[in-house]
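Below are the chains, spelled out letter by letter.
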Amino acid sequence: MISNPISLMIAVPLIAMVVAFMTKTRSQARIVALIGSLVPLAISLQMFMEFDKTSEIMQFVESYDWVPSLGVKYTVGVDGIGLPLVLLSTIVSILVVVYAWGENTRPNQFFALLLLNEVGVLGVFTALDFFLFYIFWEIVLIPMYFLIGIWGGPRKDYSAIKFFIYTHVASLVMLLSIFALYFTYRTPAGGRTFDMLTLIQATSDSTLFSPMLVNVIFLGLLFGFLVKMPAVPFHTWLPDAHVEAPTAGSVILAALLLKMGGYGLFRVIVPMMPNVSEHYVTLMAIIGVVSILYGAFLALSQKDIKKMVAYSSVSHMGYVLLGAGAFTWLSVQGAMFQQFSHGLITCVLFMSAGTIGHTAGTRIIPELGGLADRMPKFAVLMMMGFLASLGLPGMCGFIAEFTVLTGSYATLPVYTLIVIFGGIVVTAGYHLWAMQKVMFGPILKKYLDLHDPHSYELLSMSILVFLIVYFGVNPAPIMDIMGVAAEQLIEGPVMTLAQMGVV
Amino acid sequence: MYSDYAYLIVGLPILAFVLTIFLGWHLPKGGGFITVLATIGALILSVGIFKEIFPTDTIVHQSAHWFANFNVGILIDPLAIVMLLMVSFVCTMIHIFALGYMDGDPGLARYFAEAGLFTAAMLGLVFSDNLLQLFIFWELVGVCSYLLIGFWYRKPCAASAAKKAFLVTRVGDIMFLAGMILLYTNMAKLGLPEGTYLLQFQTIYENLVHLPSGQMTAIALLIFGGAVGKSGQFPLHVWLPDAMEGPTTVSAMIHAATMVTAGVYLVARMFPLFYAAPNALMVVAYIGGFTAFFAATMGLVMFDIKRVLAYSTISQLGYMMLSLGAGAAVGAAAVGVGIFHLVGHSFFKALLFLCAGSVIHAVDTNDMREMGGVLRSMKWTGLTMLAGALALVGFPLTTGFYSKDEILVAAFENGLYGLGWLPYAFGAVTVLLTAVYSFRLWFTTFDGEPRTDYGKHESPWVMVGPLVILAICALFMGYPTQDTFYDYVGNNFDHYGVDFDELAVVGGHHIEHEAAHEPFIIKILPIILCVGGILIAALFYSRWKKLDPGIVTSKNDPLRKIVLRRYYQHEIYTGWLAEKVVYGLALVSNVFDLKIVDGAVNKISKLTVGLGGNVRRVQTGVIQNYITAIVLGLTVLLVVVKLGMEVAI
Chain A
0 MISNPISLMI
10 AVPLIAMVVA
20 FMTKTRSQAR
30 IVALIGSLVP
40 LAISLQMFME
50 FDKTSEIMQF
60 VESYDWVPSL
70 GVKYTVGVDG
80 IGLPLVLLST
90 IVSILVVVYA
100 WGENTRPNQF
110 FALLLLNEVG
120 VLGVFTALDF
130 FLFYIFWEIV
140 LIPMYFLIGI
150 WGGPRKDYSA
160 IKFFIYTHVA
170 SLVMLLSIFA
180 LYFTYRTPAG
190 GRTFDMLTLI
200 QATSDSTLFS
210 PMLVNVIFLG
220 LLFGFLVKMP
230 AVPFHTWLPD
240 AHVEAPTAGS
250 VILAALLLKM
260 GGYGLFRVIV
270 PMMPNVSEHY
280 VTLMAIIGVV
290 SILYGAFLAL
300 SQKDIKKMVA
310 YSSVSHMGYV
320 LLGAGAFTWL
330 SVQGAMFQQF
340 SHGLITCVLF
350 MSAGTIGHTA
360 GTRIIPELGG
370 LADRMPKFAV
380 LMMMGFLASL
390 GLPGMCGFIA
400 EFTVLTGSYA
410 TLPVYTLIVI
420 FGGIVVTAGY
430 HLWAMQKVMF
440 GPILKKYLDL
450 HDPHSYELLS
460 MSILVFLIVY
470 FGVNPAPIMD
480 IMGVAAEQLI
490 EGPVMTLAQM
500 GVV
Chain B
0 MYSDYAYLIV
10 GLPILAFVLT
20 IFLGWHLPKG
30 GGFITVLATI
40 GALILSVGIF
50 KEIFPTDTIV
60 HQSAHWFANF
70 NVGILIDPLA
80 IVMLLMVSFV
90 CTMIHIFALG
100 YMDGDPGLAR
110 YFAEAGLFTA
120 AMLGLVFSDN
130 LLQLFIFWEL
140 VGVCSYLLIG
150 FWYRKPCAAS
160 AAKKAFLVTR
170 VGDIMFLAGM
180 ILLYTNMAKL
190 GLPEGTYLLQ
200 FQTIYENLVH
210 LPSGQMTAIA
220 LLIFGGAVGK
230 SGQFPLHVWL
240 PDAMEGPTTV
250 SAMIHAATMV
260 TAGVYLVARM
270 FPLFYAAPNA
280 LMVVAYIGGF
290 TAFFAATMGL
300 VMFDIKRVLA
310 YSTISQLGYM
320 MLSLGAGAAV
330 GAAAVGVGIF
340 HLVGHSFFKA
350 LLFLCAGSVI
360 HAVDTNDMRE
370 MGGVLRSMKW
380 TGLTMLAGAL
390 ALVGFPLTTG
400 FYSKDEILVA
410 AFENGLYGLG
420 WLPYAFGAVT
430 VLLTAVYSFR
440 LWFTTFDGEP
450 RTDYGKHESP
460 WVMVGPLVIL
470 AICALFMGYP
480 TQDTFYDYVG
490 NNFDHYGVDF
500 DELAVVGGHH
510 IEHEAAHEPF
520 IIKILPIILC
530 VGGILIAALF
540 YSRWKKLDPG
550 IVTSKNDPLR
560 KIVLRRYYQH
570 EIYTGWLAEK
580 VVYGLALVSN
590 VFDLKIVDGA
600 VNKISKLTVG
610 LGGNVRRVQT
620 GVIQNYITAI
630 VLGLTVLLVV
640 VKLGMEVAI
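Chains A and B supply the protein sequences, listed in that same order.
Residues in the first sequence are numbered consecutively from 0, following numbering that gives the first Met the number 0.
Residues in the second sequence are numbered consecutively from 0, following numbering that gives the first Met the number 0.
Part of the chain B face toward chain A, derived, beta carbon under 10 Å: (1) W65; (2) A67; (3) F69; (4) F134; (5) W137; (6) L166; (7) L176; (8) L181; (9) T184; (10) A187; (11) F591; (12) I595.
Now the in silico label distances, taken between C-beta atoms and shown as ranges: (13) L443/A to R450/B: 35 to 41 Å; (14) Q568/B to D51/A: 54 to 60 Å; (15) L443/A to V467/B: 44 to 50 Å; (16) F591/B to W65/A: 42 to 48 Å; (17) A599/B to P153/A: 23 to 29 Å; (18) F591/B to P492/A: 37 to 43 Å.
By construction, these hints were calculated from the structure, which means they are not laboratory data.
Even for Gly, the Cβ is constructed at its ideal location relative to N, Cα and C.
Isolated chain A (complex conformation) (with noise of 0.2 Å):
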């Protein structure tokens, strides 16, 4: 039992992060950062075996004043929305730093900016203020921003720019929503807070809320979720920053940075989904059918195998978004879970990318061909990852798709029947497509002398595909939290922190 679990979960990265930039050399850096996210994962797991399964509460609650003038106050707390996504982003941190284990460019700063990012979504993933939620939300920017702009491809001045003005304009726009609720709802006492769950709970009171104070607010918060996520039609800077990126920037991009979005839909929008317009259910069921099936076709399209992974991600988080806009209990858990498993899939997936990127020489597919030969344990883990991308049974990517179709359909039919007949063959048709010319046939004179990567970049895609396979033969321990929180969600109202009786 630790007590502040949470708040030292965000603070070890932090002072790592310190540390790390601080370092000479690239050993010590990452010595630092596997250690500043060992600690994290470690908390995080002993959180995971103490949190209470079957409770809807939050948990590991901490609240303290901040700028008590303004209603500002540090609070954190897990429950089944935050907790998996916490757990995610510590495994995916870790497992991000081995992958880059022999960074040789700036490795000091490279490893504090992924230690950085970690200490941004844990906070995401935890805050319960809007204000700390914000600026976490904000951090997160920073180490994208630099990653891509230091690290990056070519064309990485305007890919980093093109990533930090576009999800940043869309913070804005629901950082206004924030304000809009901040300024309209008063606590008994008279004062104002930004306590989300207090928030996010008044909006059912219509006396305080006129219906379209709630719709602008509601859209506005939507905008800022999927514009991150994203969704089709705010997904063009995804592409862009993925190419441009290195991988490990790309790694936490699609696992982590993408799911702030997912999350921010069940913290904050599904709840208030009672409250407003039917047509926005209408309008984020479109968009994710649209996602899912437009984010397809463009996979198939690309040449340059990241940027095709870039674009499954844009038709994976699709899924996301219809669950949630189903509003059902099995359609909404499969939707988180969807979270969970696209975080895993995806890293091994642009990890493969990013491999084949640095040993071949070209990402371009039709450039590639018979890498099998030469990268036989790599393969396997390749694809391992591609067979769970494209939703094989077995592994947790499946889980979750037939979770959400599943649920979805019972209040979504049409748009479910769209996905199902419309997506899945042509998911398939590209992974295995890529598959084919790239690691399949003859191999190409000139990878002749290619061999299988360094051990660190296999160990970290083993342990990921060791965890696909898991939970999806097991999803339970991570499915049954979300089942809860999800039934929370539906039946709904949003208990407060005073509600649940944890402050």
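Given the structure of chain A, go ahead and fit chain B onto it with the hints provided.
Quick look at chain B alone, frame taken from chain A:
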């Protein structure tokens, strides 16, 4: 006592998979014996369980919670146990054969690992107690087939065939998935007690009568769509002949004996649902009959020995579907007949493929035109293949004879009840075609004079042994077991109290309980057609050759061209649908995305006070500047909030 270890039926082959994939490289023969032993273990368990449940008419059912509303479980009823016996037995034979056949291949460990996983998936599919778990193993079977077809992945055609098999069956799979989701949603509306697993077969059987009839037809058709993909029925059969790019043992295991039968098994498993949706059953009968005929025509003209067998498999699977489709007329007895044909077929088709493998092993070619006279050097292979061919064509007293006869009778009754004569007609004509192509194959390969200089030697005993055992099954299994089998499997659904009369009412049809009396000619016709077909083949292709195939067709015959080009399916599916329509759509989306969607983003950013330019000037690369900027930003944020507060108060 055996049933307590039922999970090991899948567990042992999974263990073999794990062991061979990690350790196989260091073991002799790639660790193949591990897979063989595991499969034998599964066979022993199956036999043990069979002995426990067979005379007492009990079933084995175990279930545990999995996640959300779903469970995992084992269900071994008559339908499942005969499949378990067949799969574990045939797979054992094939794995033993593979010890000899695959010997020396550098990927031997990978082969046996994947073969073990395949065996596990197929056995798991059979003993699942709910539709979701069945679907999961169904897909695993699919992925194993992808891996095994592409086993020689350095060959471009193998890699491409593997992909094609996966994608085409995937089309079927999404229909299955959709059917399952529809079924779940409809079951959820019934308001069953909380905690009921809605996709459990038992729950489904018990609540079928409450489901809306229109929905049931849709569900049945969608699930049949899955079966069409997996069992190579028209129009999703195109992957199966291409799948012959894999090693011949793979063809025997996956594309003849076991995997392709999964679709038939699925329809049999869901038979009560189909029975309540007679329109769906009619579709099954028509598709089955047509596929039997359609595939046989292509089998007539192929020169690749494995492709002839591939088309013959498709054709025989059509028979099994036809049998189940005739269930509207004959009731649950159709399941007994269909599954009997399935089991018999897996014996003789595995045998035929293994024989073909044995021949290919010796003569080193697939092309029958380069063989001829092989019987002289390969007595055992030739004679066992003859046994397989006789069973395939339904020669009297062989295993294939009994089931085929019953299927045609059922199809005939289907016609009598006004459900269409076409399926029967297809089925009857196909008997003739089957006899012709089977013996064309046998005569061209084994009879006459060697046409090229090929290697002449019989295969080793590890290969011939399984052939002999399978040949005995193919010839003699039918007569002693048939009646018990029909009863045992035909009454499978009695264990769940399925009332077919009630289901018939739901489906809006009724069946006559007294068996119809088919004319004697119906009984005798298959024999005439089969013997006739063998004679025709003998006239054209054997050493007593009296006629030249040229008199029937010429090189420029348009019909022959169409059949030889396999009805232009490749051009339509791959050339047009996949490459033109789908990929074209993808390219258009890409241009749209770059020019319109992203174009708009860039336009907006340019319009916004030349934002790009300004930011670029600020981006100096010095980290302190950024930190300053962010601190500034936060300060501004605080000031805004403070001001806002003042205004609000």
